[in-house]
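Below are the chains, spelled out letter by letter.
2 protein chains.
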Amino acid sequence: MMAAQPLIRTKRTEEVVNGISTQVVCTEFSNYIFVVLTQYGKIGSLITVTPDSKSSDIGTPMFSTKVLLGKDEALTHVCAKNLVTFVSQEAGNRPVLLGLALKDSNIDSIKAMRDLIKTCQVW
Amino acid sequence: MMAAQPLIRTKRTEEVVNGISTQVVCTEFSNYIFVVLTQYGKIGSLITVTPDSKSSDIGTPMFSTKVLLGKDEALTHVCAKNLVTFVSQEAGNRPVLLGLALKDSNIDSIKAMRDLIKTCQVW
Chain E
1 MMAAQPLIRT KRTEEVVNGI STQVVCTEFS NYIFVVLTQY GKIGSLITVT
51 PDSKSSDIGT PMFSTKVLLG KDEALTHVCA KNLVTFVSQE AGNRPVLLGL
101 ALKDSNIDSI KAMRDLIKTC QVW
Chain F
1 MMAAQPLIRT KRTEEVVNGI STQVVCTEFS NYIFVVLTQY GKIGSLITVT
51 PDSKSSDIGT PMFSTKVLLG KDEALTHVCA KNLVTFVSQE AGNRPVLLGL
101 ALKDSNIDSI KAMRDLIKTC QVW
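Chains as they are written, first to last, in this note's numbering: chain E, 1 to 123; chain F, 1 to 123.
Mixed in with the good hints, there may be bad ones.
Chain copies aren't distinguished; within one or between two, either way the pair holds.
[Said to hold, decoys possible] Subject to a maximum C-alpha distance of 25 Å in a straight line, what follows is the list of computed DMTMM-like cross-link-like pairs (lysine to aspartate or glutamate): (1) 11 x 52; (2) 42 x 52; (3) 71 x 90; (4) 42 x 73; (5) 66 x 15; (6) 42 x 28; (7) 66 x 28; (8) 11 x 73; (9) 42 x 15; (10) 11 x 28.
Think of the hints as simulated: they come from the structure by calculation, not from any bench.
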């Protein structure tokens, strides 16, 4: 008889951030934390945020971002790092797969969205 | 006052397929159906399965597959098409984003997994 694997953990929430309805879904996998943050109900871009193993021996790791789907714009990389670097750090440096569709990317909104992601902690 | 967007719909299940614990999570986005099928608790490969718009005017659309993350092997493309083409068709030809980590990819298991995905219908 096999030991049952634990069911994949998912948490989600919805909140109005700076006047815009914002939805978050976080799912834990053994090799990735998957975070969706959307203000359009869709996955706009899909980005991996990965700690750089080379830098881990000299203290805090750097993070590299890669756009898998959607427009590869500088702002996307910046927002991705700002939003989910803390997730990777809290999840033992697991990489994060981020689905992102933002109407509003000003810094105060990003901070509020980070708090929203925190409320969906599955890691 | 804004109209609230409906919360992102997710369904998940777990079943033993050919002796192997198999987990499915399906999530509906407006532009993608996201399906995770895993026998390792992880996202192994990430694949898009997209109907080919060019062929839609001559009947049943063809589907193209693209590996975004993980090993780009022929078997991955075949399994992806076999598993989720029906999801795209049932979801009005929406593309499917598929996270896949299989221990067992024999055809009878694939059929059983397709039935498992059907039980998590969010489209």
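Each hint, compared with the structure:
no.	hint	verdict
1	11 x 52	neither (27 Å within a copy, 33 Å between copies)
2	42 x 52	between (29 Å within a copy, 20 Å between copies)
3	71 x 90	neither (28 Å within a copy, 28 Å between copies)
4	42 x 73	within (18 Å within a copy, 28 Å between copies)
5	66 x 15	neither (27 Å within a copy, 34 Å between copies)
6	42 x 28	both (20 Å within a copy, 8 Å between copies)
7	66 x 28	both (20 Å within a copy, 23 Å between copies)
8	11 x 73	neither (28 Å within a copy, 32 Å between copies)
9	42 x 15	within (16 Å within a copy, 29 Å between copies)
10	11 x 28	both (9 Å within a copy, 15 Å between copies)
Comparing the model with each earlier hint shows violations of hints 1, 3, 5, 8; every other hint is respected.
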